[in-house]
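Student: Chain order of the listed sequences is B and Z.
For the first sequence, position 77 (counting from the first letter as 1) is numbered 356 according to the working numbering, and the numbering increases by one without interruption.
For the second sequence, position 59 (counting from the first letter as 1) is numbered 207 according to the working numbering, and the numbering increases by one without interruption.
These are calculated hints, taken from the structure and not from any lab test.
The model shown is predicted, which means the values in this text are computed figures rather than measured ones.
Treat each hint with caution, since some may be false.
[As the list claims (entries may be wrong)] Counterexamples of contact, computed for chain B against chain Z with all Cβ distances above 12 Å:
#1 VAL305
#2 ARG320
#3 TYR332
#4 PHE333
#5 ALA337
[Said to hold, decoys possible] With a straight-line cut-off of 27 Å between C-alpha atoms, the simulated BS3-like cross-links for lysine-lysine are:
#6 B:LYS331 to B:LYS303
#7 Z:LYS242 to Z:LYS256
#8 B:LYS293 to Z:LYS256
#9 Z:LYS159 to Z:LYS220
#10 Z:LYS220 to Z:LYS242
#11 B:LYS303 to Z:LYS159
All residues carry an ideal CB built from backbone N, CA and C; glycine is no exception.
Letter by letter, the chains look like this.
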Amino acid sequence: MNISIRQLFGRKPKSSSIAKQRLKLVITQDRFDVDDRVMTRLHHELAEVLAKYFEFSANSVKMDLKQEGNSYILVADFPYTKFHETNMRQ
Amino acid sequence: MGKVIVVTSGKGGVGKTTSTANLGTALALLDKTVAVVDADVGLRNLDIVMGLESRIVYTSMDVIEKQCELSKALVRDRRVDGLMLLAASQKNNKDDIQPEQMKAICDKLRTTHDFVLIDSPAGIERGFSNASAGADEAIVVTTPDVSAIRDADRIIGLLQNARIEPINLVINRFSPQLVGNGSMMDQADVLDILNIDLIGVVPEDSAVITSTNRGIPLVYEDGSPGAQAYMRIARRLTGQRIPIHSFEQKGLLNNIVNWFTRKR
């Protein structure tokens, strides 16, 4: 037991709680960090599906991952110019 | 039909091979037929940890290259009934084996054994894909430190993608004393982060080192805390319901000791 008086009365957080807190942050990042190639593919696939219903120009589309607290949000903006009404009746 | 379980971790040195050796032996002691398979091609160790290194003649590579029959490559552990080891080739490397070839071996072994335990190499590359190719279930071994837990999370993600389930967690080298004084994360902390089912906690036990030195898996000599922990996990694998053992030190004296030894 090699500890000093200051350590005995110090009120620093336990190192185990620091470990847990740091791990939670880094693991959330690990889990949600999406590969650029995967994002590009998702972009194309989403555009393909949406093109059945909407008209939009490909270079107006924006996709992003945003962090809010401990979770990540996928935000996709597809500004469209027209809705293909005929598809609704199929 | 037997179950194929891959024992994996991501990080090296957390106790995959020790766990595979002890769980395999423990299951055999519980009268199950067991095949333990070393999937760490090029860096094999399961044979030496189990004390069978002098009896290896053929390896999984010989079976794949059709140099010998699978049954002939299996080394019987003479200390207990129903335990066999399939060693990995030491002169090849992980890329010499295809996942489908490992799967074929697992599928053959499961017809003759209740349990097939695969000792996975560290890492997330080819060796891991080979080791998990034929698995139904997984045991992820971790220690309560940041690097092992982070790597375990990565491996759990890969296992989930491969639709391997259940994925059960073993927390190895757990130190009740360090948890007591706040220097080590406890089981609840680890589970909160990894979010999978816990199948057992193995306490830090110096008997692990001496048993490895001798090549006699811990569970052969009952009594040490580590051996008891592995026996409990093996019983849970056979479907017995045994509550998770608590290593927490309770009582006034421990609280006083912990207060004086608490670390930051």
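Student: Evaluate each hint against the coordinates.
Tutor: Evaluated hints:
no., hint, result
1, VAL305, "violated, 6 Å"
2, ARG320, "holds, 16 Å"
3, TYR332, "holds, 30 Å"
4, PHE333, "holds, 31 Å"
5, ALA337, "holds, 30 Å"
6, B:LYS331 to B:LYS303, "violated, 40 Å"
7, Z:LYS242 to Z:LYS256, "holds, 21 Å"
8, B:LYS293 to Z:LYS256, "violated, 50 Å"
9, Z:LYS159 to Z:LYS220, "violated, 33 Å"
10, Z:LYS220 to Z:LYS242, "holds, 22 Å"
11, B:LYS303 to Z:LYS159, "holds, 18 Å"
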